[in-house]
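Residue numbers (UniProt numbering), protein chains in the order written: chain A, 1 to 165; chain B, 1 to 84; chain C, 1 to 961.
The set of hints was computed from the structure by calculation and includes no laboratory data.
We treat Cβ as the ideally placed atom computed from N, Cα and C, and that holds for glycine.
Please note that a few of the clues may not be correct.
List time: in silico DSS-like cross-link candidates among lysine-lysine, alpha-carbon distance up to 25 Å [claimed, not checked]:
#, chain 1, residue 1, chain 2, residue 2
1, C, Lys-482, C, Lys-654
2, C, Lys-868, C, Lys-707
3, C, Lys-868, C, Lys-897
4, A, Lys-8, C, Lys-794
5, C, Lys-851, A, Lys-134
6, B, Lys-79, C, Lys-707
7, C, Lys-482, C, Lys-538
8, C, Lys-897, C, Lys-851
9, C, Lys-659, C, Lys-850
Footprint (simulated), chain A over chain B, 3 or more residues, beta carbon under 8 Å [said to hold, decoys possible]:
#, stretch
10, 48-57
11, 66-79
Below are the chains, spelled out letter by letter.
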Amino acid sequence: MRYDVTCKQAGLSALFDLKGPQADLWGWAGDHLPPMPARPNSLTRRGGRSLYHIGPRHLLLRTGIAEEEALERALGPAAAPPQISIVRISDTLTFFAVTGRDADQVMAIACPLDLHPAVFGADAVSHTEAFGLKAMVLRCEGGFECAVEQSHGDMMQDYLNRALT
Amino acid sequence: MLLIPCPFCGPRNESEFAHGGPVRARRPDPDAVSDAAWVEYLTVTPNPQGPVQEHWWHVRGCGTWLTLWRDTTSHDIVKGPDDA
Amino acid sequence: MRERLPQGGRIDRSRRVAFTFNGRVYDGYHGDTLASALLAHGVRLTARSFKYHRPRGIVGYGVEEPASLVELLGADASGNEPITTVRIRDGLRAKSVNCWPSLRFDIGGVNQLFARVLPAGFYYKTFKWPDWQLFEPMIRRAAGLARAPTQPPANGHYEARHAHADVFIAGAGPAGLMAALVAGRAGKRVFLADEGTEAGGGLLTRRLRIEDRPAMEWVADAVAELAAMEHVTHLQNASVWAYREHNLMMVTERSPDHDSLLERSWRVRAGRVICATGAIERLLVFPGNDRPGVMLASAAQAYVNRWAVRPGRRAVVFTNNNSAYAVAADMQAAGIEIAAIVDARPQVPPEALAQVAGIDVLGGHVVVRTRGRMSLRSIAISPLAGGATRSIACDLLAHSGGWNPAVHLFSQSRGSLRYDETLAAFVPDIPAQATASVGAAAGLMTLPEVLTSAAATGGDVPRAHEAAYAIAPLWRVQAAGKAFLDIQNDVTVADVQLALREGYDNIEHVKRYTTGGMGIDQGKTGNINIIGTVAQQKGLTLPEVGSTTFRSPYAPVSFGAVGGLRTGEVQFPYRHTPITEWNREQGAVMYEAGARWQRPGYFPQPGESFQETVNRECGAVREAVGVYDGSPLGTFELKGRDTGRFLDFLYTNKMANLKPGHGRYGLMLTDDGLILDDGVALRLDDYRWILSTSTGHADAVNQQMEKLLQTEFPDWQVMVTAVTSQWNNATVCGPRAREVMEALGTDINLDNAAFPFMTFRDGTVAGLPTRVVRVSFTGELSYEINVAPRHMRKLWDRVMAAGAPFGIQPVGSEANHVLRVEKGFLSLGHEVDGTVDPHDLGMGWIMSAKKSDYLGKRAVALRRAADKPRRELVGLLPDDPNAQIPEGAPLTPGGRKEATEGLVTACVWSGVNNRWVALALLVNGRTRQGETVHVRLRDEVIAARVTAPVFYDPGGQRLRS
C-alpha cells in the first residue's frame with residue numbers, strides 16, 4: 001500500500017502582509033477586506049479574497065494573482081498611516097496542495113501540529129513546521145495547502161517526493 | 001521536546017520555537033550606571049537549578065516573543081505566559 | 001522440526017518459511033520468531049556472552065531476552081535485535097552477535113582468560129594501564145555488540161510521523177485493551193501501541209479464560225471493536241521506547257503496511273498516558289543460571305502455548321512464587337516430563353499445589369549447580385537450610401524469580417517508584433506527568449485485578465479467574481560458582497561484591513562500575529536482583545538501596561527510524577533562487593554559502609583551472625562587466641513612527657537623518673560589543689525603510705529586531721516584515737555596468753548626478769518593474785537590480801543578452817571574495833570574530849559619537865578603556881609575490897615558535913596587482929605599516945610587508961563613478 005495523495009505546487013497568489021491595530025487597518029482598508037477572523041489562527045473569506053489571522057495584530061490577505069495590481073492600488077501601502085503596515089509579499093511563499101484520501105497521513109509526516117478536523121477545522125490556518133521548515137498550513141478542497149518560504153520550494157518538493165515514494 | 005504554551009497559538013511543539021535565553025535584568029540607562037553595574041548587566045545571566053523565567057520566540061509560528069517559567073530540573077513549565 | 005508439537009500454537013502451519021541462522025538453513029512456520037523456530041529444531045546454543053564468551057541459549061520469549069542478540073544480514077542489515085523479537089520470513093539471514101571467534105569455539109581457555117581480564121570495572125582499570133593498547137584489540141572485538149551496517153538499506157526507506165491523542169496506551173495486553181475499550185467507547189482519541197506481532201500480551205502465552213471463553217476470543221472481539229472506531233489508532237509491532245517530557249511518546253513501528261517502508265517512528269503527544277506495559281519475569285540467581293537450557297518459566301510457557309514448541313523433553317521448574325505452577329501444568333499438558341518443581345519456599349501455598357497434582361514438589365529447596373557443556377544435562381539441588389545435594393537429570397530448567405512490573409516508561413516520565421513488600425518488586429508511586437499505570441505494570445498480578453484496574457474510569461469488567469499470586473523473595477542462592485545477575489552484561493554476584501569492596505556502594509555507582517542494567521537490556525530481567533544482592537551484602541532493605549534510573553530506549557531502535565525521511569540531500573535544509581537551475585546548466589560549482597543557500601562558487605569553462613576561472617571572472621568585473629545573483633541577501637521592510645529611532649539604536653551610526661531615496665551602510669553590534677552584521681538601510685519614505693543584511697546573519701538580525709521590539713520597547717511603533725524572498729536581485733558591476741543598463745532599457749535616469757552612489761530608484765528595467773540600488777560590494781560601479789522572484793529569470797536572461805556585447809560574465813562567490821579582499825571590505829566570519837570591534841577594523845568612523853546610546857556602545861568603550869594592545873586589520877603583501885598564505889595562518893614574531901601576534905584572515909590572487917595579497921589581524925597593526933611580519937607554517941615561514949587593508953582604488957572613485 002502506498003499513499004493515495006497528490007502533491008501539486010500551486011502558482012502565485014496575490015498576498016499582502018497587514019500589520020497594526022485592527023481599528024486602524026479597517027479604518028484605512030476595511031472596504032477591501034473580508035471580515036476580521038474571530039479567533040487566532042482562523043480565516044474568513046469574501047468574494048474570492050481570504051483573510052488569515054496568523055499572529056497578534058498580523059493578518060495575511062490573499063486573492064488571485066490577477067487582482068494583485070488593482071488590490072495594491074486600493075490598499076495604498078505607501079500612503080497608509082504610520083500605525084499600520086501593508087507590504088506586498090506575493091512572491092515570498094510557495095504553496096503546495098496535498099490532496100487525496102491519505103492527505104492527513106502525509107501531513108503527519110511533515111508537520112508536528114495536530115491537524116485533526118476536530119482541532120484544525122475548515123477555517124483554520126496557522127504557521128507551523130513542514131519537514132522542519134517554517135510553513136503555513138490550511139485546509140483546502142480534499143486536503144491541505146502548505147506554504148513555505150519561496151527559496152525552500154524545491155526542498156519541500158524534494159521531501160514530498162520522498163514521502164510519496 | 002517540550003510543549004510550549006503560546007499565548008496566540010496555544011500549546012505547540014518546542015521545535016517551532018527559538019530559545020531566547022533567561023529573562024535578565026532590565027537594560028539600565030548606560031549613561032546613569034557605573035562600569036561595574038554595566039558589566040554586571042552584560043554578563044550575569046540567571047542560571048538556577050529550579051524555576052527560571054525565560055524568553056521563547058515562536059519563530060516558526062505566530063512570531064510572538066513570550067516568557068514563561070520553566071523548571072530546569074524537570075522541564076515542567078511551572079508558569080505559562082498567560083498564567084497570573 | 002522435531003520439537004514441534006503436533007497441534008496448537010498461534011502459527012500458520014500451511015505457510016512454511018525458510019531462513020538462515022549462522023550460515024545454516026532452517027525452516028519454520030509463519031508466526032514463528034527466530035527463537036521459536038530454532039527451538040523447534042532443538043537448537044540450544046544461540047549466543048556467546050558479552051565479556052566471558054560463555055555459551056548462551058534462549059532465556060526469554062520477547063523484548064526481555066537478555067542472552068541471545070542477533071545481527072540481521074543482507075538487505076535488512078541491522079544489529080543487536082533480541083532473537084525473540086525477530087519474525088522469520090523467507091530469505092531472512094541472521095547471525096549471533098559476540099560469536100568471535102565462533103559459536104562452538106572451545107570455551108575453557110577463553111573463559112578463564114576473559115574472567116581474569118574483565119572483572120567489574122575493567123574499563124576503568126584497563127584505561128589506566130600503561131599498555132592498554134595490548135589489550136584493546138581483544139577487548140574491543142570481544143566486548144562489542146553487533147557491527148553497524150556499512151550501507152544504507154538496499155530497498156525502502158524510513159519514515160517519522162507525528163500523532164496526537166487524548167489517551168495514549170502503551171501495551172495491548174488485557175489491561176491495555178480494556179483501557180482502550182473504555183476510552184474509545186467514551187469517544188476519546190486513543191493511540192494504542194504494542195510491541196508484539198499481535199494483541200493479547202500475557203494472554204497470548206497462557207491458558208486463561210474470560211467470560212467463560214478462551215481469553216484470546218475476548219482479545220479478538222476487543223481488537224475488532226477498536227478497529228471499528230475511527231478515533232482509535234491501534235498499532236502492533238510498535239515498541240513504545242521512550243516517555244519524554246510533556247507526554248511525548250516515542251514509538252517505532254516495524255513492518256508498517258506500506259510497500260517501501262522499513263520502519264516508521266511515531267512521535268505522539270498525548271493528553272493522558274496509560275502504561276499498560278505488563279510485568280517481566282526475573283531471573284533466579286544461582287550458579288550456572290546462564291547455561292543453554294536454563295530459561296525463564298514464562299518463556300517455556302510461551303513456547304509451549306503460543307508456538308507449539310517443546311523447549312525441552314524433561315524439565316525442572318525452579319521458583320520462589322506461584323506463577324511457575326501454571327507453567328508446569330501447561331508443559332505437562334504438552335507432553336513434557338516434569339521431573340520436579342523446586343520451590344525455595346518451605347511452605348508452598350495450596351492454590352499453587354492445586355494446579356500440579358501428581359508432580360513432585362520440593363519445598364524449601366534451591367538449585368545450586370547446573371551441568372552440561374553446550375546445553376543443560378542435569379542440575380543439583382539442595383535444601384535451602386543446608387544439607388545433601390542431589391542431582392536431577394533434565395534438559396530444561398524453567399525458573400522464575402517473580403515478576404517485576406514493567407515500570408520503565410513510568411520511570412522515564414520521572415515518576416517515582418515504591419518498593420512493595422508483598423510483591424517484592426518496585427511499583428509506580430507518584431507520577432510526574434499526566435500518566436496512570438494499570439494492570440501488571442501497576443503491580444496487579446491476576447487477571448481479574450488487571451481488568452478491574454484498567455476499567456477504572458468506567459464500563460463493565462468482564463469476568464475472569466486466576467489463582468492468587470504470592471512470592472517469597474530469593475535474591476540469590478548461596479553456593480559456589482558463577483551466578484549471573486545480569487546475563488546480557490555478564491555481571492555476576494562476584495562482580496557486585498567486588499564493586500562494594502572497592503567502595504562503590506551507591507546503587508548508581510554499582511551500575512556504572514559493573515555495567516549491570518546498562519545496554520539495550522536496561523535491567524529488564526536482572527536489575528532487582530542486583531539491588532537485592534547489594535541490600536543483602538550491606539544489611540539494608542531494598543528501599544534503602546533504591547533503584548537506578550531507567551533510560552530510553554526501552555527496546556532497541558534503529559537510527560533510520562528516528563531520522564525518518566531526513567537523509568541524503570535533505571539532511572540539512574537547502575535554499576534555491578530562481579537562478580539556481582541556470583547556474584547548474586552553466587556547469588557552475590555549487591555549494592552552501594551561508595544560511596543554507598546553494599550558491600555558485602565559480603563558473604569553470606572547459607580546460608580552465610580553478611584559479612583561471614576566478615581570475616577571468618574578476619577580470620571581467622574590473623575591466624568590463626560582471627553580474628551576480630544577490631538574492632540571498634536578507635531583506636526586511638520596517639514601518640512605523642519610531643523606525644528611525646529604532647534604527648539609531650540598532651546601528652552604530654546615525655540612520656534617522658537619512659533622506660528618502662537614499663541608502664547608508666551600517667554596522668550592528670550586540671549589546672556586549674560584538675559585531676552582529678553589516679548592511680545597508682534604505683529609506684523609502686517618512687515611515688518605511690528597507691534593511692538589507694548579510695546573507696548569513698539575516699535570521700540573527702530578524703531575531704534581534706523582534707526581541708527588542710517585543711520585549712524591550714513594546715511601546716515603540718515599528719513593524720517588521722521579512723521580504724528576503726519578495727526581492728531577488730541581479731547585481732551588474734564593472735566599469736561598463738552603465739552601458740549594460742542602457743542596453744537593457746530603463747526609464748531611470750542613469751546619469752551619475754541624477755542617480756549617484758548610495759541612492760536607489762524605482763522604475764522599469766528591461767520592461768520589468770524594479771528597484772535599482774547603487775551599492776557596491778566589489779568596488780566597481782554597480783547596479784543592484786531588484787525584482788520580484790517571478791521576474792528574476794527573465795531579468796537574468798535579459799542581462800546576459802544585453803551584457804554579451806560588453807563581455808559580461810556571471811560571477812561566483814569565489815570571485816566576489818577576491819574583489820572584496822582587494823577593496824578591504826569586511827566579511828563576517830573572516831575578519832570578524834568574537835574579539836574584534838569596529839575600531840580594530842579601522843571603522844571607528846562608524847561608531848557615532850553624537851548618539852548617547854546604541855547597542856554595543858558602552859561595551860566597546862569599556863573594553864577599549866582597558867587600553868590593552870588590540871589586533872587591528874592590516875593588509876599583507878608577501879615578499880614573494882607568488883607566495884600564497886593559507887587563510888587562518890598564524891603570525892608570530894620573526895616566524896619563531898612564540899605566542900602569535902595575529903592571523904591571516906584572507907589571502908587571494910589579485911589580478912589587478914599581479915600578486916597574492918592578504919588581510920590580517922595584527923597586534924597594533926595600524927602603527928606597523930611598512931614593517932615585515934612573518935607567517936609561521938609547519939614547514940616554512942613566509943615574510944610579508946604590512947600595508948593598509950586596501951589594495952585597489954583606495955579613494956573609492958570607481959564605485960562612485
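How the hints compare with the structure:
no.	hint	in the structure
1	Lys-482(C) / Lys-654(C)	80 Å, violated
2	Lys-868(C) / Lys-707(C)	33 Å, violated
3	Lys-868(C) / Lys-897(C)	23 Å, holds
4	Lys-8(A) / Lys-794(C)	24 Å, holds
5	Lys-851(C) / Lys-134(A)	37 Å, violated
6	Lys-79(B) / Lys-707(C)	21 Å, holds
7	Lys-482(C) / Lys-538(C)	20 Å, holds
8	Lys-897(C) / Lys-851(C)	45 Å, violated
9	Lys-659(C) / Lys-850(C)	18 Å, holds
10	48-57	violated (count 0)
11	66-79	violated (count 0)
Violated hints, in rising order: 1, 2, 5, 8, 10, 11; the structure is consistent with all others.
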